[in-house]
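Going down the list, the protein sequences come from chains A and B. Note that my numbering numbers the first sequence so that position 120 is 120, with each residue one more than the last. Note that my numbering numbers the second sequence so that position 263 is 1263, with each residue one more than the last.
Worth flagging that the hints you see were computed from the coordinates, not collected in a lab. Here the structure is a predicted model, which is why all the values come from computation and not from measurement. Treat the hints with caution; some may be incorrect.
What the hints assert, rightly or not - Cross-link-like lysine to any residue pairs, in silico, SDA-like; alpha carbons within 20 Å at most:
1. B:1351 - A:47
2. A:90 - A:56
3. B:1182 - A:71
4. B:1182 - B:1300
5. B:1071 - B:1005
6. B:1072 - B:1038
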Amino acid sequence: MRLDLSHIQRWIAPESRVLDLGCGDGVFLEFLRDQRQVRGTGLEIDQDYITAAISRGINVIEQDMDEGLSNFPDQSFDTVVLALALQAVKYPERVLDEMLRIGREGIVTFPNFGHWRCRLMLGLQGHMPVSSFMPYTWYNTPNIHFCTVKDFEDLCLAKDIRIVSREVVGETGDKPMLSNKWPNLFATTAIYRITR
Amino acid sequence: MNRQHSVGIVTPQVAHFDEPLMLACGRELPSYDLVYETYGELNEQRTNAVLICHALSGNHHAAGYHSAEDKKPGWWDECIGPGKPIDTTHFFVVCLNNLGGCHGSTGPSSINSATGKPWGSDFPPLRTRDWVHSQARLADRLGVDCWAAVIGGSLGGMQAMRWSLEYPERIRHCIVIAAALKLSAQNIAFNEVARQAIESDPDFVEGAYQEHNTIPARGLALARMIGHITYLSDDAMANKFGRDLRSGSLDRGEVSNAEFQVQSYLRHQGNQFSGSFDANTYILMTRALDYFDLALEYDNDPVAAFRHAQCSFLVMSFSTDWRFSPERSREIVNALIAADRPVTYAEIEAKEGHDAFLLPISRYIDVFRAYMLRVRDES
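Whenever a hint applies, use it, and build me the whole structure from the sequences.
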């Protein structure tokens, strides 16, 4: 399982209701269903992913979250997950509001643009960062709203969003204490559990 | 016939029912026949049965061939058969001609035993729920306590949704394709023009044409032509016919009328249909379609309606369908989401309009197949 997903699965209560925004091939919801008896729904727009999720027996809705989530009632899910998709949505602020309207809790993971490698590439080489973790060139990327750990926490503060917990994933070679101590510099992926 | 992935030669069967059926209109049908076909085998646990509900002009012949000389298979042969989405090596598939139909089930052209004459327009008006109740009796007869899935496109999808509310404990999956919670004013308007076309044909004789040995063929053909336009998309018609001429020309100095390909196509469709379909049945079916309103007796609240359902849902729509557009399917999906029912939704990109649900569109088939494998695994 992808590293950010194996972190966040611990935050999801057995038999709870989970909405996974951008559920991909449904592997995470499948895991939660089989291991946690979670009742899940996925949102996806990629056709192949949708078929793959259906094959796993996942309830998946073909819907573009950039066009809104108003069809989901208030507080109808325990947890709403947005995993590695915040940077790809048109209106990240609106999506965060909607997540916390629909769910009691939200879980957000995103690639940290403040990582030292990004800074190095931009600051010293003068290029937009391209790495194995963010493999896209600037002119052909689904990622349109990059942010750093600090940026995200500032936004939460400004919007009265409470951060229940934060976890960070660093580079595999690094000691975890580096990314824990200086997340904005050493975290490749930031993982937040938020509520209002 | 083409034997590949086909259920092969099938023989329709007839089930006769003597227990009267109380209809939604308040009248009672004392006895009736239902003609049906089955494909595949019912398993020992009787958990693999699938019901196919047909649309406006459909019938019980959904797959396979009636004889080796048959050129055309049943109307949904693209989706039913070995290796197809509704895989007959796993499922026991049942499809019947609905009550009020004209392909062997009791309908307006049948003899009313009370009068010894054809029912004609005196046949009781039917609602979708009447079909569902008669289908439930057929299920009893076949030993099916619970359908693995009830599946339908268009008006068939409406029957499938009605099943989920009328018999929630007898259906595990409900598959609703290119349907709607109820018809719009525009939908009803098209149906009304179709009915007016039939009723204004002098050969209709107020529905008693059988007694007068006439057939309102022109009216029925016209009705079908109108319907057919709504089944196709603007694009599909442009691709198929464009402005191609069948005869004549648009040159200067040309006195005689030119005929476009689309004109002769529509006439052909109309004439073929009027030779094989009953006018009173067409009126009855379009009325049932107009009257369908899933949430009417649930305070007009589809969310409250769907709270009665216990099954999982698959909803599919087609991008260029303007008869029952994706927006109408999303209304179904959103009501299911709000009612906290398990639902899967796919919006299929297709240029063929409403008719797409009958065609082998690759993404449609992929999604359908993937979901039916889930139905199989859960049955």
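Outcome of the hint check:
1. B:1351 - A:47: Holds, at about 17 Å.
2. A:90 - A:56: violated, 29 Å
3. B:1182 - A:71: Given that 20 Å is the threshold and the Cα spacing comes to 19 Å, the pair holds.
4. B:1182 - B:1300: holds, 11 Å
5. B:1071 - B:1005: At roughly 15 Å apart (the allowed maximum being 20 Å), residue 1005 of chain B and residue 1071 of chain B satisfy the hint.
6. B:1072 - B:1038: holds, 18 Å
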